[in-house]
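Student: In case you want the letters, here they are:
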Amino acid sequence: MDLRDTPEEAAFRSTVRDWLATNVPDELRGYGFGVHTDDLTALRAWSASLHAAGYAGLTWPAEYGGAGATLAHQAIFLEEAALAEAPPHVGVIGLGMAGPTIITHGTPEQKARYLAPILSADEIWCQGFSEPDAGSDLAGVRASARREGDRFVVDGQKVWSSYAHVADHCILLTRSDPSSRRHEGLTYLILDMHAPGVEVRPLRQLTGDAEFNEIFLSGVEVPVASVLGEVGGGWQVAMTTLLHERGTLGIALVSRLELALRKLVSLARDRGATTLQRDAIAREWVELEGLRLTAYRSLSALARTGVPGPEGSILKLQWSEANQRVTALALDLLGPDALLAAGNAPYGGWWQQQQLRSRGNTIEAGTSEILRSIVAERVLGLPRSR
Amino acid sequence: MDASPTPEQEELRAQARAFLEATPEPTWGALAELGWTGVGVAEELGGAGLGFLEQAVLHEELGRALTPGPFYGTVAVSLPALPADDQAAVAAGEASWALALGPLVPDLDSVTNVAVAGGDGVYELVRFERELLATHDATRPLGVVVGGEAGRRLCSTEVLPEIRRRSLTALALEACGVGARALELAVSYVGEREQFGRPIGSYQAVAHPLATTFMELELARSLALGAAWAISVGDGRAGLLAAAAKAQAGEAAVAACERSIQAHGGIGFTWEHPLQRLIKRALWIRSWEASTSALRAEIATRLIDEGGW
Ligand SMILES: Cc1cc2nc3c(=O)[nH]c(=O)nc-3n(C[C@H](O)[C@H](O)[C@H](O)COP(=O)(O)OP(=O)(O)OC[C@H]3O[C@@H](n4cnc5c(N)ncnc54)[C@H](O)[C@@H]3O)c2cc1C
Chain A
1 MDLRDTPEEA AFRSTVRDWL ATNVPDELRG YGFGVHTDDL TALRAWSASL
51 HAAGYAGLTW PAEYGGAGAT LAHQAIFLEE AALAEAPPHV GVIGLGMAGP
101 TIITHGTPEQ KARYLAPILS ADEIWCQGFS EPDAGSDLAG VRASARREGD
151 RFVVDGQKVW SSYAHVADHC ILLTRSDPSS RRHEGLTYLI LDMHAPGVEV
201 RPLRQLTGDA EFNEIFLSGV EVPVASVLGE VGGGWQVAMT TLLHERGTLG
251 IALVSRLELA LRKLVSLARD RGATTLQRDA IAREWVELEG LRLTAYRSLS
301 ALARTGVPGP EGSILKLQWS EANQRVTALA LDLLGPDALL AAGNAPYGGW
351 WQQQQLRSRG NTIEAGTSEI LRSIVAERVL GLPRSR
Chain B
1 MDASPTPEQE ELRAQARAFL EATPEPTWGA LAELGWTGVG VAEELGGAGL
51 GFLEQAVLHE ELGRALTPGP FYGTVAVSLP ALPADDQAAV AAGEASWALA
101 LGPLVPDLDS VTNVAVAGGD GVYELVRFER ELLATHDATR PLGVVVGGEA
151 GRRLCSTEVL PEIRRRSLTA LALEACGVGA RALELAVSYV GEREQFGRPI
201 GSYQAVAHPL ATTFMELELA RSLALGAAWA ISVGDGRAGL LAAAAKAQAG
251 EAAVAACERS IQAHGGIGFT WEHPLQRLIK RALWIRSWEA STSALRAEIA
301 TRLIDEGGW
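First to last, the sequence lines map onto chains A and B.
Residue numbering for the first sequence follows the numbering used here, starting at 1 and increasing by one per position.
Residue numbering for the second sequence follows the numbering used here, starting at 1 and increasing by one per position.
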């Protein structure tokens with residue numbers, strides 16, 4: 001065990017830090033998850049510059065345009081990017097979910113076609129898993145994919161799909177066997193979002209932003225060559241996606257929490273804090289350091305075994321709840337000023353926005369209840385609740 | 001960056017666990033024979049010459065097994081203050097120590113020597129009487145010394161911050177062991193016990209608090225190992241991490257015992273059940289040296305007033 005950077009890692013860290021210091025565009029500093037359409041051009045340009053500098057897809061194999069770097073390098077980049085308030089690459093879903101799933105299950109043609117444009121941000125992806133009647137219970141997916149010769153005809157509705165309003169492709173979970181139930185008979189498709197019959201309607205969130213969307217699919221034709229994995233084997237492919245969604249983000253989440261906590265400490269310095277507020281701040285710092293060290297432990301385990309473990313679920317769950325507490329604590333420190341929004345509010349309304357957005361953290365990518373059940377059943381080995 | 005234990009550390013853990021399961025109340029001499037009392041003592045003094053990360057493994061396993069005896073007080077707390085000859089005597093199993101930093105002194109029933117801090121030095125205490133006090137945790141008795149005077153000077157008080165870091169970290173590690181054991185008992189019980197025709201562990205109201213317990217303990221363990229690593233390399237953040245580890249682990253261990261008792265129902269509330277001993281040690285740890293709120297107050301001062309991180 002040695003928690004220090006190796007000399008080589010330290011050199012990489014300082015290169016990354018210098019690069020971020022000069023390259024993060026001021027107008028995008030602090031940008032979170034999701035895209036406002038107005039910012040799309042700037043976010044694409046930023047993502048392309050990440051790619052040109054070799055920081056997009058750091059851990060992807062070189063043959064797919066990645067840097068083939070170690071997980072430690074990826075962690076260093078994510079830590080530095082969070083502290084520099086760099087916006088994420090606009091291809092969050094492509095880089096973190098679609099790409100790794102294509103690398104695992106894709107045909108050579110699919111890899112050649114789809115991977116490079118993810119890194120360069122020439123193509124943006126979204127995820128079409130959730131449906132009105134299939135949320136936590138993803139195996140209830142109903143969107144139907146009917147085989148007709150060399151293509152599938154897709155009908156159905158997807159919901160809560162982040163980035164769909166700007167996406168070129170969608171990883172779509174469908175039911176290809178209408179007589180099947182639950183995990184059987186599902187097929188995982190790569191959907192062209194520009195195909196006839198795809199309609200996207202943005203949904204406004206409680207924050208006021210519109211990051212996610214409904215997708216209506218009517219008679220959309222998808223070539224059989226766009227099946228990812230086996231026809232009828234969609235569940236296994238979807239599990240790869242979810243493992244990556246929850247598994248590799250740990251460090252990024254922890255680093256974002258660190259940024260929020262550093263701001264909270266300076267808020268306490270600026271405005272003063274009561275004994276109870278100071279106690280709560282210390283408690284969150286302890287939690288943050290615990291999460292960071294847990295993320296390092298799971299990263300080291302991942303580097304040895306190659307598969308993200310259940311630690312991903314643990315980090316996501318604890319981070320989401322910590323983020324809700326930290327942002328609520330900031331509002332407590334702000335007193336009645338917490339009621340103000342945007343330009344009128346201290347710090348441009350950053351804390352108010354963060355607190356509201358944090359309510360989604362315990363729902364997206366698996367609700368806290370579902371994640372607790374995963375820990376209970378898969379980590380502790382308790383009997384299944386269903 | 002590498003946050004995984006070495007194969008040797010994993011091996012040591014397996015050996016320690018097997019030994020303590022077979023030998024619940026080992027003598028001080030038996031621990032010396034295993035090389036544990038001198039785990040961090042230099043080889044030329046008869047010790048094993050290992051680092052604090054190896055010592056950390058022993059604290060966690062001894063906590064888990066609720067092993068009685070002065071290992072924590074001697075090895076984690078007193079050793080850094082002892083001159084070479086005294087360290088050799090500890091490694092050989094001939095001496096054990098308590099360092100009296102306040103009126104209450106741990107393991108006063110069994111230690112051969114007592115040290116006190118006074119002025120700018122740490123001294124051996126001589127010509128004193130021992131008075132044992134009634135406490136709840138029978139595996140770690142407390143007492144007070146009556147009378148006594150400063151004998152040999154052992155070292156300067158400059159060693160005290162290092163002792164505090166080691167003490168807090170050792171307590172955190174013990175707490176991780178205690179909490180993990182309490183959780184294991186709960187997991188195995190709720191997997192078997194049936195009510196309303198189903199194992200009770202299939203009810204989310206039973207399962208989810210245990211999942212929470214697991215996560216709190218993982219954080220505690222990460223912090224305790226991080227603090228142990230920082231101590232082992234003399235990292236400047238060791239003190240802050242040690243405080244964080246003790247705060248998190250003390251709370252997590254008590255909560256683990258509380259939730260395990262609840263998950264056991266009536267049987268968990270009996271004197272015969274091991275949980276009553278586990279919760280008493282967890283409570284001992286949470287209150288000893290510095291309470292959670294005192295540690296958090298220290299951390300807040302470092303962060304807010306002194307610009308530390
Ligand atoms: C900001 C945001 C972005 C999102 N982005 C995407 C995206 O890009 N693509 C996509 O496909 N989806 C996306 N989602 C959807 C998300 O995955 C679902 O909202 C989530 O899985 C919950 O499903 P649901 O909304 O249908 O709620 P439900 O599943 O109906 O759950 C409602 C409540 O019941 C609880 N519950 C349900 N089942 C159980 C159970 N068995 N035991 C205990 N409690 C239970 C849940 O925990 C929750 O509290 C996003 C969601 C949000 C908030």
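These aren't lab readings, by the way, just hints derived from the structure by calculation.
Keep in mind that a hint or two might mislead.
[To be verified] Example chain A residues on the side facing chain B (calculated, C-beta under 10 Å, incomplete):
id: 1; residue: T41
id: 2; residue: R44
id: 3; residue: L261
id: 4; residue: L299
id: 5; residue: S373
Glycine is no exception: its CB is placed at the ideal position from the N, C-alpha and C atoms.
Student: Please go over all the hints and tell whether each is borne out by the structure.
Tutor: These are the hints, each one checked on the structure:
1. The beta carbon of T41 of chain A is not positioned within 10 Å of any beta carbon in chain B (closest approach about 37 Å), and the interface hint is therefore violated.
2. At a threshold of 10 Å, the smallest CB-CB gap from R44 of chain A to chain B is about 32 Å, leaving the interface hint violated.
3. With a cut of 10 Å, the hint placing L261 of chain A at the interface with chain B holds, because the nearest CB-to-CB distance is about 9 Å.
4. The beta carbon of L299 of chain A comes within 7 Å of a beta carbon in chain B, closer than 10 Å, and the hint placing it at the interface holds.
5. The interface hint given for S373 of chain A holds, since its Cβ lies 7 Å from the closest Cβ of chain B, which is under the 10 Å cut-off.
When each numbered hint is compared with the structure, violations occur for hints 1 and 2.
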